[in-house]
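Following the hints, put chain B in place on chain A, whose structure we already have.
There are 2 protein chains.
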Amino acid sequence: MTRDHPPTPPYYAVIFSNTHTGADETDYAQTAAQMEALAKTMPGYLGFESARNEDGFGIAVSYWDSEEAIANWKHHAEHREARKRGRDHWYSDYIVRVAKVERAYRMNAKSTG
Amino acid sequence: MTRDHPPTPPYYAVIFSNTHTGADETDYAQTAAQMEALAKTMPGYLGFESARNEDGFGIAVSYWDSEEAIANWKHHAEHREARKRGRDHWYSDYIVRVAKVERAYRMNAKSTG
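Protein chains in written order, with the numbering used here: chain A, 181 to 293; chain B, 181 to 293.
Keep in mind that the hints were calculated from the coordinates and are not lab data.
The model shown is predicted, which means the values in this text are computed figures rather than measured ones.
Everything hinted at is true.
Because identical chains cannot be distinguished in the list, a pair is counted as satisfied if it fits within a single copy or across any two copies.
List of simulated lysine-lysine pairs, DSSO-like, C-alpha gap at most 27 Å:
#, residue 1, residue 2
1, LYS264, LYS220
2, LYS254, LYS264
3, LYS220, LYS280
4, LYS254, LYS280
5, LYS254, LYS220
Chain A on its own, in the form it takes in the complex (with noise of 0.2 Å):
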């Protein structure tokens, strides 16, 4: 979902741009809803996005306050766990691209009528 109060730039994004191998997606879906929980508890976290099209290419968005937050989060002994299961199983390919958010706009129909 996007969110409703997006901060004020700077903060950084992780870009995960993947393709699905459709393989074990019940254990799949259950990992990926537990990641998304557990980043919500970790310092720094400022929001996640996912989209995925039907034919297996997805992107998920998630939103952090520093570069540190993002190191922390990425060696977390779970998510490091998910990400070997991810590889090994879940995607044929990925790429991963850290940025920084130098600026953002945002438009909402309820707010121009």
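Quick look at chain B alone, frame taken from chain A:
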């Protein structure tokens, strides 16, 4: 689609997180395809990825080699007109974030055995 050969950072990403109203889907799809084709002709264009959930939430990310390339595309007349139609008809809300990609990692199943 995930690009096979993403460029070496730094470069820029425009992250467009949006929710569809569901209105004029055929017209939307045609305009989106036209805009993607037009973007590819712009100086500094590096790539484009998009995904959408069945519930209407989507993420589209375009990649550019400079801030100037983003500004140039933003001010293109056809793109301006398409964005206005998006605000008026196709999106109930959206956030645009401009971010500088600082590093990237790639995994391809073929390369990891």
